[in-house]
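Whenever a hint applies, use it, and build me the whole structure from the sequences.
Chains as they are written, first to last, in the numbering used here: chain S, 1 to 417; chain W, 1001 to 1166.
These aren't lab readings, by the way, just hints derived from the structure by calculation.
The structure presented is a predicted model; accordingly, all values stated were derived computationally and were not measured.
Beta carbons are placed, not taken as given, at the ideal position from N, Cα and C, and that holds for glycine.
Heads up, some of the hints might be wrong.
[Unchecked claim] Far from chain S, by Cβ distances over 12 Å, these chain W residues were calculated:
| no. | residue |
| --- | --- |
| 1 | Lys-1004 |
| 2 | Gly-1005 |
| 3 | Gly-1022 |
| 4 | Ser-1029 |
| 5 | Ser-1048 |
| 6 | Gly-1053 |
| 7 | Asp-1113 |
| 8 | Gly-1122 |
| 9 | His-1156 |
| 10 | Arg-1162 |
| 11 | Asp-1166 |
[Said to hold, decoys possible] Listed below are several chain S residues computed to face chain W (Cβ distance under 10 Å; list not exhaustive):
| no. | residue |
| --- | --- |
| 12 | Pro-70 |
| 13 | Leu-72 |
| 14 | Thr-88 |
| 15 | Gly-89 |
| 16 | His-121 |
| 17 | His-273 |
| 18 | Asn-388 |
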Amino acid sequence: MGKTLAEKILSHHAGHDVKSGEFAMVKVDFTYAHDGTAPLTVQQMEAMGIQKLNNPSQCAVFLDHAAPSPRLEHSNDHQSLRNFCRRTGAILFDIGEGVSHNIVSEKFARPGDLILGADSHTCTLGALAAFSTGMGSTDIAAAMAFGHTWMRVPESFGVFLRGAFPSGVYSKDLILHFIGEIGADGATYKALEFIGPALENLSVAARATISNMAIECGAKAGLFPSDALTRLFLREHGREHDYRELEPDADARYERKFQFDLSRLEPTVACPHFVDQVKPISQVERVNVAQVLIGTCTNGRLEDLHIAARFLKGRRVSPETRLIVTLSSKKVYLEALADGTLQTFLEAGGVLIGPGCGPCVGVHQGILADGEVCVGTQNRNFEGRMGNPKSFIYLSSPATAAATAIAGRLTDPREFL
Amino acid sequence: MKIKGKVWKFGHGITTDHIAPGRFFYLRSNLPEFAKHCFEDVRPDFISKVKPGDFVVGGENFGFGSSREHAPIMIKLCGIGAVLAKSYARIFFRNAINSGLPALILDTDQINDGDELEIDLGTGTLKNITTGREMTAPPLPPVMQAIIHEGGLVEHIKKHGRLKLD
Chain S
1 MGKTLAEKIL SHHAGHDVKS GEFAMVKVDF TYAHDGTAPL TVQQMEAMGI
51 QKLNNPSQCA VFLDHAAPSP RLEHSNDHQS LRNFCRRTGA ILFDIGEGVS
101 HNIVSEKFAR PGDLILGADS HTCTLGALAA FSTGMGSTDI AAAMAFGHTW
151 MRVPESFGVF LRGAFPSGVY SKDLILHFIG EIGADGATYK ALEFIGPALE
201 NLSVAARATI SNMAIECGAK AGLFPSDALT RLFLREHGRE HDYRELEPDA
251 DARYERKFQF DLSRLEPTVA CPHFVDQVKP ISQVERVNVA QVLIGTCTNG
301 RLEDLHIAAR FLKGRRVSPE TRLIVTLSSK KVYLEALADG TLQTFLEAGG
351 VLIGPGCGPC VGVHQGILAD GEVCVGTQNR NFEGRMGNPK SFIYLSSPAT
401 AAATAIAGRL TDPREFL
Chain W
1001 MKIKGKVWKF GHGITTDHIA PGRFFYLRSN LPEFAKHCFE DVRPDFISKV
1051 KPGDFVVGGE NFGFGSSREH APIMIKLCGI GAVLAKSYAR IFFRNAINSG
1101 LPALILDTDQ INDGDELEID LGTGTLKNIT TGREMTAPPL PPVMQAIIHE
1151 GGLVEHIKKH GRLKLD
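Structural data, given as structure tokens:
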């Protein structure tokens, strides 16, 4: 019997063959935490009596959740994290550098790596054929200290993709549709493995949106094989030498198999207050929308911004609606600045904020008022997620979000094509 | 060890945002203060009425969403003796064990808000004093049993100087 991608990567890191269901001690290639979770990591490391990191060049701290700091409590945490990095040699990405997962994808993640992050959306790096998963602050403290962790090798679900997206439909619509079908706990403890001929047309950016949301159906990882598009992404980021071919065996055992024909999908949204409350946009009431959020770690890459800008070019955001744009990293910011995308957002009436997590996690920079509705390209719409339990969040693609910003109410992007 | 207490029953769909609301995340380095907002948006009376040894009882996929380990730590700081649910989100489950908070998998449809329970943490046996019903939770994998037995991951590492799988 062949191996799944998850079994291949975890076998390599265990130093011996492992199969799904087995427990193994595995070597970790890269470990990170951010200003939301790292303060507890530092505290737990001190409680464990750990002074030194196993390999500081494989550890990073990102200041992205409250950046720049809106409160003195965050400022003090930032200060102690900067000191931690100085003391231990862990790599610091200070405010303005961008969201952890996006920076790790640009600079560090390699096909075949095992990556841990103290954030549930660490699974984003599956887009580069890295087994990456989220853990709590204490597990991350131990992984930084010892360079390994224990893991149960997950069973995998095979998700076979064929066809091409129709106009106005994107990878965000696919992953929302999948989560709606399988449910918020449909893949708990499992690895999702996306395979099939449709991958030829799915860029690493499009894949990252899918991998990013694997956790929203409970999955431990959302993996893609590596291919010519992975190599292209690595080349564009100056590290083609990190490329390695990796795919599941043809006779890999999948606990469940799914098939999707991308050409049959429609623009799709997740309705309040759960990510699996999914409907095709044609079946959702055209509610008035007070705020639109474009960007975040889910859809804040250059390709996503180009999709949204295509709708906004030469148009104005509705006077009843605020448009907030947050990019995933400084690199993306500079590229979008150079090619005029940021100008398009500003001229359309959008507000640009620095790269980070603020509005999505309800910390600052876009907290909703009572009763307000937001349509956003982020990954979660839980009650209170954007800082107010009396507000309502719909999740969508950048195209649907842009069309909604123009119309002032939830709108099918195909109306503007 | 046997513990006894009253049930705080929560339904399905409890996220870590419900347990540890993001809008109070600025308190994350002051966990006793943060814990005063535990479950605030779901059960506003929880924090004022919870007693040491009480149980938090959930439904399916308890603790899904954000990886914030502050969630199980806050539940523990409220004095909760154990969490019971039909199923857990992966990260919350691992975080609960790492924090030394027992998390048992049980058919919680049979448990009602306010029930009085007695649980033997050694055997995973539950006696519902209110209804007379008895249940047993499946055992944890050995590595998690060792961690919870030692009081959490920090204590585990202090004791062994490393992560110990065997």
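These are the hints, each one checked on the structure:
| no. | hint | verdict |
| --- | --- | --- |
| 1 | Lys-1004 | holds, 28 Å |
| 2 | Gly-1005 | holds, 25 Å |
| 3 | Gly-1022 | violated, 4 Å |
| 4 | Ser-1029 | violated, 5 Å |
| 5 | Ser-1048 | holds, 18 Å |
| 6 | Gly-1053 | holds, 24 Å |
| 7 | Asp-1113 | holds, 20 Å |
| 8 | Gly-1122 | holds, 22 Å |
| 9 | His-1156 | violated, 9 Å |
| 10 | Arg-1162 | violated, 6 Å |
| 11 | Asp-1166 | violated, 9 Å |
| 12 | Pro-70 | holds, 8 Å |
| 13 | Leu-72 | holds, 9 Å |
| 14 | Thr-88 | violated, 17 Å |
| 15 | Gly-89 | violated, 21 Å |
| 16 | His-121 | holds, 9 Å |
| 17 | His-273 | holds, 8 Å |
| 18 | Asn-388 | holds, 8 Å |
The structure is inconsistent with the numbered hints 3, 4, 9, 10, 11, 14, 15, although it conforms to all the rest.
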